[in-house]
Each structure stands twice: as structure tokens, then as C-alpha cells.
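Asker: Residue strings, one per chain:
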Amino acid sequence: MHCVRAVTDNLYWVGANDHRLTLFENIHPIPKGVSYNAYLLLDKQSVLFDTVDWSACRQLLENIEYLLNGKELDYLVINHMEPDHGASIEEILLRYPKVKVISTEKAFMLMRQFGFHVDGHECIEVKEGDTYSFGEHNVTFVGAPMVHWPEAMVTFDTTNGVLFSADAFGSFIALDGKLFADEVNFDRDWIDEARRYLTNIVGKYGPHIQLLLKKAGGILDQIKFICPLHGPVWRKDLGYFVDKYDKWSRYEPEVKGVMIAYASMYGNTEAAAQALAAKLCERGITNVSVYDVSNTHVSYLIAESFKYSHIVLASVTYNLGIYPVMKNYLEDMKALNLQNRTFAIIENGSWACKSGDLMQKFIDEEMKNMTVLNQRLSLASSLQEDKSVELDMLVDAIVESINS
Amino acid sequence: MLFQTTPAHEELRAKVRAFAEEEIKPIAFQLDQQNEFPDEAIKKLGKLGLMGIPYPKEYGGAGLDALSYAIAVEELSRVDGGTGVILSAHVSLGSWPIFAYGTEEQKKKYLVPLASGEKIGAFGLTEPNAGSDAGGTETTAVLKGDHYVLNGGKIFITNAPKADTYVVFAVTTPDIGTKGISAFIVEKGWKGFYFGDHYDKMGIRSSSTAELIFDNVEVPKENLLGKEGDGFKIAMSTLDGGRIGIASQALGIAQGAYENALEYAKERIQFGKPIGFQQSISFKLADMATKLRCARMLIYSAAEMKEAHVPYGMESAMAKMYASDIALEVTNDALQIFGGSGFMKGMEVERAYRDAKITTIYEGTNEIQRVVIASHLLGKPPKSESSSSSKPKKPAPVTGVRKNMILRDGTAEEKVSALVEHLKKDGHDFTVGIDIDTPIVQAERVVSAGKGIGDKKNMKLIEKLAKAAGAAIGSSRPVAETLKYVPLNRYVGMSGQKFTGNLYIACGISGAVQHLKGIKDASTIVAINKNPSAPIFKNCDYGIVGDINEILPLLADALDTGDKQPAPPMVKMKRPKLPKPAPIGKTYVCGGCGYEYIPELGDPDAEIAAGTLFEKLPEDWVCPECAESKEQFIEV
Chain A
80 MHCVRAVTDN
90 LYWVGANDHR
100 LTLFENIHPI
110 PKGVSYNAYL
120 LLDKQSVLFD
130 TVDWSACRQL
140 LENIEYLLNG
150 KELDYLVINH
160 MEPDHGASIE
170 EILLRYPKVK
180 VISTEKAFML
190 MRQFGFHVDG
200 HECIEVKEGD
210 TYSFGEHNVT
220 FVGAPMVHWP
230 EAMVTFDTTN
240 GVLFSADAFG
250 SFIALDGKLF
260 ADEVNFDRDW
270 IDEARRYLTN
280 IVGKYGPHIQ
290 LLLKKAGGIL
300 DQIKFICPLH
310 GPVWRKDLGY
320 FVDKYDKWSR
330 YEPEVKGVMI
340 AYASMYGNTE
350 AAAQALAAKL
360 CERGITNVSV
370 YDVSNTHVSY
380 LIAESFKYSH
390 IVLASVTYNL
400 GIYPVMKNYL
410 EDMKALNLQN
420 RTFAIIENGS
430 WACKSGDLMQ
440 KFIDEEMKNM
450 TVLNQRLSLA
460 SSLQEDKSVE
470 LDMLVDAIVE
480 SINS
Chain B
5 MLFQTTPAHE
15 ELRAKVRAFA
25 EEEIKPIAFQ
35 LDQQNEFPDE
45 AIKKLGKLGL
55 MGIPYPKEYG
65 GAGLDALSYA
75 IAVEELSRVD
85 GGTGVILSAH
95 VSLGSWPIFA
105 YGTEEQKKKY
115 LVPLASGEKI
125 GAFGLTEPNA
135 GSDAGGTETT
145 AVLKGDHYVL
155 NGGKIFITNA
165 PKADTYVVFA
175 VTTPDIGTKG
185 ISAFIVEKGW
195 KGFYFGDHYD
205 KMGIRSSSTA
215 ELIFDNVEVP
225 KENLLGKEGD
235 GFKIAMSTLD
245 GGRIGIASQA
255 LGIAQGAYEN
265 ALEYAKERIQ
275 FGKPIGFQQS
285 ISFKLADMAT
295 KLRCARMLIY
305 SAAEMKEAHV
315 PYGMESAMAK
325 MYASDIALEV
335 TNDALQIFGG
345 SGFMKGMEVE
355 RAYRDAKITT
365 IYEGTNEIQR
375 VVIASHLLGK
385 PPKSESSSSS
395 KPKKPAPVTG
405 VRKNMILRDG
415 TAEEKVSALV
425 EHLKKDGHDF
435 TVGIDIDTPI
445 VQAERVVSAG
455 KGIGDKKNMK
465 LIEKLAKAAG
475 AAIGSSRPVA
485 ETLKYVPLNR
495 YVGMSGQKFT
505 GNLYIACGIS
515 GAVQHLKGIK
525 DASTIVAINK
535 NPSAPIFKNC
545 DYGIVGDINE
555 ILPLLADALD
565 TGDKQPAPPM
575 VKMKRPKLPK
585 PAPIGKTYVC
595 GGCGYEYIPE
605 LGDPDAEIAA
615 GTLFEKLPED
625 WVCPECAESK
635 EQFIEV
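So the sequences go chain by chain: A and B. What the first sequence shows, in the working numbering, is residues 80 to 483, in sequence order. What the second sequence shows, in the working numbering, is residues 5 to 640, in sequence order.
A portion of the hints provided could be inaccurate.
Below, simulated DSSO-like cross-link-like pairs (lysine-lysine); rule was C-alpha separation at most 27 Å, straight line [stated by the list, open to error]:
{"hint": "1", "chain 1": "A", "residue 1": "413", "chain 2": "B", "residue 2": "590"}
{"hint": "2", "chain 1": "B", "residue 1": "590", "chain 2": "A", "residue 2": "440"}
{"hint": "3", "chain 1": "B", "residue 1": "620", "chain 2": "A", "residue 2": "447"}
{"hint": "4", "chain 1": "A", "residue 1": "326", "chain 2": "B", "residue 2": "590"}
{"hint": "5", "chain 1": "B", "residue 1": "471", "chain 2": "B", "residue 2": "521"}
{"hint": "6", "chain 1": "B", "residue 1": "47", "chain 2": "B", "residue 2": "192"}
{"hint": "7", "chain 1": "A", "residue 1": "358", "chain 2": "B", "residue 2": "428"}
{"hint": "8", "chain 1": "A", "residue 1": "447", "chain 2": "B", "residue 2": "471"}
{"hint": "9", "chain 1": "B", "residue 1": "524", "chain 2": "A", "residue 2": "433"}
{"hint": "10", "chain 1": "A", "residue 1": "440", "chain 2": "B", "residue 2": "407"}
{"hint": "11", "chain 1": "B", "residue 1": "634", "chain 2": "A", "residue 2": "283"}
{"hint": "12", "chain 1": "B", "residue 1": "521", "chain 2": "A", "residue 2": "433"}
{"hint": "13", "chain 1": "A", "residue 1": "358", "chain 2": "B", "residue 2": "471"}
{"hint": "14", "chain 1": "A", "residue 1": "283", "chain 2": "B", "residue 2": "471"}
Simulated from the structure, these hints should not be mistaken for lab results.
All chains, please: the whole structure from these sequences, using the hints.
Answerer: See below:
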């Protein structure tokens, strides 16, 4: 049976929720599921904005069939070609042989590469600033290259103020009946997953998000709805989420606080991380979170890294190098372009302690605009009383840096 | 064409040789031993008209040719290499730039007394960071009204501090490399113009070599030599001619050693005959004579070319390079012929052996001579992105980023108490201390003495301060090695002990690079020195400009807390790191794939040199990853 919700007059959410998928992009865990959003506009002409993942195709088809109620589907607008949205294109083309496809030059190229047979259909290639009318509704197409694929665009309906924002402003977590951000407690229940989605999927492309925000900034007062391809639709308090996006894409910390990520083989480095956390809290810095890199998926570490102003890396030395899971976390931070953070280092090694120097070198040489505090805590196997002065100096340095 | 000198040349040779044999030879050993400058002999040399051989009579010179000058240097060096270079540095380096580039007024005022031997000249180009590469010059001259203000210093300056007139090179336009260097005539005795150490050299010990220090020296505008920015050109053309002098010096040293060896080989009898008739020795002599003749031909020919005003830069480089290379070989063979006797102090070949070495190093190392020769053969190398000497660069202080807080205000007492406040605030606890004999590498604190400490009795001040500061005692290299105030294992430096503790108090230490390298990991460096231009001040966290005798007792009193408690295990204080270099231009990111164009890296596959700004990329340049055009890039 169909499962649709109205966004506003003549515009319907026709997507689906997915709780069965374990790993988004086959890499990021999604324990609370995800939604694939597609939208159907019933103007003089009918327009489908994007499709869904192949696993949700049947639900999409039932939803469209119900709303069209025997009429033809006239247009298919593809804002983003990634298969979690584009995989059902071929099925739509087969079921609606007269549908005209509107998208960018690069998206058409990708459709052909993925094996969708668009060439029997009318393909309308649009570029930045092109407009189109479907009857009452006039839309403008705006390029969104590298947010987070090169073919991406967003579509703005100037008639009702709906922005089809593609992957921008999306989030993990299945909608499960809710549609609007104001129908959930977003800041309590959703923001962490929204952050994890954005930072891991689009984090690298901050400058391009900024470019898109700049374009949106010019028409912000006209935007009434933001309809992303994952997660809830925004119709209230748009500024809240736009502001988060602005911070993330400028790589500015959201909060002053300390994330402690430790790599510990037998609990000794962990003990040092815990001692540090306790001392920080004792000094009034309670915005502290502690993660074991070995059993925390790196996507969570990345999200937290984008959130906090200070990151403490505590790592054992492993084969004269950085502990591999910690190294992987560092590599991921570099890949996702994280910047403007202050790091502190705890190193451990039982016979040749190398991890501190290597982590510092990585941060200094491979990453942008990072500061490493000089006060490093060096452990030989475990934290002993003789290191309490060093630990206190590390605490002092972090406290001073946070309060400065 | 007989390749022979004229009778006039040989007459001059006889005259200089007689002078050298009579006036220099008897005292040469003493000069060498005592590190002593032959003041009287040089005065006589002036009276004989030999201090301005190649300059016109109207400027007080002898009006002779360049070859005559070469012969004079050769003959002096034949007896004493040190005396030879006094003449060479005076004529070629100290006087020639004024002769070639000076205004009529400058020539009258400065060249005349130089050429007539009333005054001695010197040349100041070399600096700690500007040796073969003059582009590294850091001495600055800032125009203020009718005068330039000169700041900085020069090292290894031949004839200093004996010389009266110095041709000094300084940066007038910063950050444009060699084109920003200008030349100035500076007089001894001007306010703020000091001399540092008289170096303790391996050879040519009768010549004086010292450091020049400029602390806000006011140089009248009219003492600018040539135009602003001409400095590098003046320096290079001076060195072209200077090479003839050094080549002649090398030739003379080798010639003297050869003659001594030849004579000895005829006298020394082993296996029943003079050793000279042993084939091994005779072949040595044959080789030596051949090399000498070769060198002499090269030098005389270059001098003749100079005199004839034909280009001679390559030929003078060849002469300098070859003559000094073979001087090492000839003096080595000469000493070998003397056997064990040659190894003894007081033997002329022993002195010649040491004197010869410098000739392959100064006025352009022989490596640089080969660069000069090769550049004449090959022209300019193809453009490459690698940094050249003309590229501006600012070397960071040897000891990394330091606070460089020089305490200037107030009385000595106020400066000392401000210093102590800073140190305490930084976490140095003076109620605890270590033994003054703690090995340097294990010491948390070191109070170190440099040559500025003066007399040995002043070491009492160091000892008192070390005890008051709870520190071990260290020193600069000369204080341990030459002055022997402390044992050799207590000098701090690259070649000595490295100090990695928390507090280093340098007293009267000027800050030679090798010393600074030994303290680069010190958490806090305090400098106390009376010379405000001393490099130690650029490399310190806190500095007090003042007299050791005044500051040290005050500081000791201020730090004295009675008996020190034994210091707990050292906790190393960390310090700021070098800031990363500022980006040379904006980074751009591709809208087709997210590739970042970083100007520092360029795009080697597309033959875009590192350092090319995005704006300067050719119009048809495309993204190396996805082939998007330039327009698809956005600024980061």
C-alpha cells in the first residue's frame, strides 16, 4: 500500500524508510535507519523529484501510482545521481515511457555510466540559473557541484518556496512516520546523527558547501521548505540548521570541550585517558567525551571531532608506529579536511615510544591549521605517580587553551 | 713570445723579496706563535710604496700593473702567508672597490691614504648566514635623512680590527635577495662600530681576523659606494680581482715550501746520498716544480688580462682554484720531504702547511671557483623551481622560536628583577637546585660563560651565579678550549655537550652557530651580553644588554635563597614551535572532483612549477584528476 505525506499544497513525500541496511555507503553504521526521500509535485504537469534506493523502489512506485491516480508522470528531475537516490530511475523510465528527464550534463553522463537507458526519453539538460515551468510552479536550477558529487544540483520552486536540496541538509535516522523536523526533538534526538551524516559524507567539501550557502543566503527569506534527500523536511527554524552547516563547512568547532580518543591494548593508555578526563572535569571542564578508537566506529569519531574544539589523542606505540586504528582515525580526519582544532597528545610505549612524535608529525604536516599543545604526556607502559606533574601540566595546558 | 716577466717586474720582485727576507722572516715564527700582527713591517711596506702598487700615482699608488701586485703578494707569502694576505686583502678587497666604484671625493678621502699606506683597508661581506651565498646577507642599512643606520655583523674579516677603512655590504631593500644589497665605506671608530673576537686560526696567524659588529652605526649618505642595490655587483667584481691576490698568496706559500724542501733534499743524507737523489724524492720535486710553474702561468696571465681590461673572471677563478689546490699538495710534499723534522713547530714547512689550507677556502671556496668557471663554460642553468641565492629568504633563529624579550628599561637592578620575575612566572623554582658539577647533558639548569667574561677571576661571578640559580656551570667553546677556564667536557655546543634542560643563562656568550645548535632544545635561554647585536639576543627568551661585572652579581643576589633544596627529577618545560610558513597564495578546489590546487606544490605532471599561483596557471590548464577547466575551481 502507499505511504505518503503531504509537504505542502500539491507536493508530497513519496520516499521510504530503511531499517534493514546495516552500513550506509557500505561503510557507516546506521543503527537507527535512514530515509530515502523523493517528492512528487502535482501541477498541470506531474513532476517527480529524484527517486530512491533500489531496495525501496516498490514503495516509491506504489506511492506514485496512488497519487497520479491513472495520470501520466510528465517529468523526472534528478538533483543527485548517487544510487541511494538514482537506482530506481531505470524502473521509472520503463513504467512511464513518456517521462521527460531534467538534470545536469554530468548527471546524464553518470546515468549512462550506471546503465540507465535515458536515451529513448526526452533529456532536458539544465545548467546554473535555468528556469522551468510546470504550470503554476516555476523552478530555478542551481548548481551544487561537490556537495558532494560533481553532478549535483538543487532545485528551487519560486512559487511555493520549496528548496529541493539534494544531499545537503540531510540526516541519518529513518523518519518512521514523522516528516518535519518540528515533529521530532531534533536538537536532542537527531543532531548527532545529522552531524555524523554531514561530516562523514560531505565533510571534505566545506568550500563547496560554503558556496552553496552563499547562493542560498541571497534567497533565504524566500525559502519556506527545505526538502533534503535523507531525514526530515525543514519548515521552521531554518536558521538553526543553516547555522550548523555553516560551522561544519567552515570547520569551526560547535562547542568548547574536549574529545579524548584513546588507543589502548591492555587498558594502561585508557587509564591515562580516564585520569585526564577526571582531572579536566575537576577543573570545571565537564564537556568531555571519551572514546576507545578500537570499538567506536570511525564515523562517530569524525562527527565528535567536528563538534569539539579540543581533541586529545592517546595512543600506544605499535610496531614502532601509531596504533593502526588510531592511524586510521587520523587518516580519516585528514581525508575529511578537518581543520582549526587544538590537539593534545598522550603517548605510550614500553621500550621505544614513537606514537607521540608520529601523531604530532601527522597533525603538523598532513592536516591544515591545527595546533598541537606542547605539553605532552609520555608514558612508559603505564601511568605512574612520577608522571603526575606531567599530567597536571597537560591538564593546565588544555584548561588554559579552552579558556583563552 | 717567451711568457716572461719584464726586467722591471723582476726588479720589483727582488725589492719585495729583500724586504720579506730582512723584515718578516726573522719574526715570522714569533708572529705565528703569538698570533701577532706585524704592525711595524706593514708601516715600512707602506713607506716603500708597496701598499698601493696597482693604483695610479695621483691617488697615492705606485702606478704599476696588476702583475706587479701579484708578484708582491707572492714574494711576501713565500716568506710568510699571513703577511701576504694582509697586502692582498688591503689592496684587492679594501681599496679596489673604492678605486673602481668610488666618487672622486670618496677616492680622495679614502683611496689616497689607503694606497699610500697610511691606512689599512678591509672588506666586510661574510656573515654567519651569508658565506658562499651572499643572498643570505642580514646586515641592514636603513636610510634616515642624511645617513644610513647600519645594524648587524660580519665574521671572519681579514685585517680587522687593524684596518681603518672597511667596505661593508648591507641590505638596503629587504626581501628582494642580492639586488637589495648595497656597499658602504665605514670608518673604524664610528659610534656603534665594534669588533668581536680576534679569531684563533690554524694558519696565517700573523694576519688579523676579527668579527665586525654594527649597532646603529650612522653612515653618512655620501659613504654609499656606487648606487643602492649595486652591492652584489661590487662584491662580485671585487672578488674577481681578489682571486689574483689569493692565488698569488697560495703560489708564494707553495714556492717557499718548495725551495725549503729542495734545499733540504740536497743536504739530508740517508743511505749514503742526499735524499734528493732518491728517485721517490726527486720525482716529488719534479712534480712540485711543474705545478708551481703551471700555477704561476695561470696567475700572471690572469693579471695581464685584468691589466688589459679584457674579461678575466673565469681565468682568475682558474688561477685561484688551481694555485690553492696545488699549494696544499706542494706544502704536503715539502713537509713529507722534511720527514719528522718538518712536523716540528718552528719549521717553515710546518707553518706553510698550515698557512696553505685557508687559500682553498676564502675569497670564494674552490667549490665556488668551479661554479664560476662552469658558469662561464655553460651559461645560466635552465630555469628550475629550486631556490637560488637571489631568492629572498629569512632563516629562522638557530634556537627556534624564542620570546626575544630584551629588557631595556630602567636601571640594571630593575632589569634584573624583571628578569627574575619572568623566570619565576615561567615556573623556574629557585628554592631547589643541582650541583654545579652536574654533567651538562643531565643538568636542568646551566649558567654558561663566554669570552665576554674577560679575565679568569670573573669566573667567580659565574660560580656564584650558578650556585644562586641552582645550576651547573658550562661555557662556550673558546672558554674551555683556548682560555681553559673550565674543563673541555663542560663546553656547550654542537661539537661539545648538548644542553636540553629548562634554563640556560648565557653570560658574555655572543652566540656562534655551533654554540646555539647545542642549546636549541633548552626551554628558556637567558642572554647577558654587552653587545646588543650579538646573535645570542636573537636566540634568547630573555636578554639583558649590560656588563657582566654589573649584571651577574645583581642576578646572583636576586636568585640567592640560601641553601638550595635538592631538585626533584626534572620536568621538561615545553616551548612553542616554529610557525608554519604562511601560504604563498590561495588554494583552489575543483568543482568536478574536489582536487585541491596548492600553489606550493604546483602540478608537476603538467610542468607547472611549484610556487605557481592559481591565477598564473595557463588558461588551458585543466584539473589533473578529472580534466575540468580552471573556471570550475572555487577559492578555498
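Asker: For each hint, tell me whether it holds in the structure or not.
Answerer: To see whether the hints hold, each was checked on the structure:
no., hint, in the structure
1, A/413 - B/590, "holds, 19 Å"
2, B/590 - A/440, "holds, 24 Å"
3, B/620 - A/447, "holds, 24 Å"
4, A/326 - B/590, "holds, 21 Å"
5, B/471 - B/521, "holds, 25 Å"
6, B/47 - B/192, "holds, 18 Å"
7, A/358 - B/428, "holds, 25 Å"
8, A/447 - B/471, "violated, 46 Å"
9, B/524 - A/433, "holds, 21 Å"
10, A/440 - B/407, "holds, 24 Å"
11, B/634 - A/283, "holds, 20 Å"
12, B/521 - A/433, "holds, 24 Å"
13, A/358 - B/471, "violated, 37 Å"
14, A/283 - B/471, "violated, 57 Å"
Hints 8, 13 and 14, counting from the list given before, are not met by this structure.
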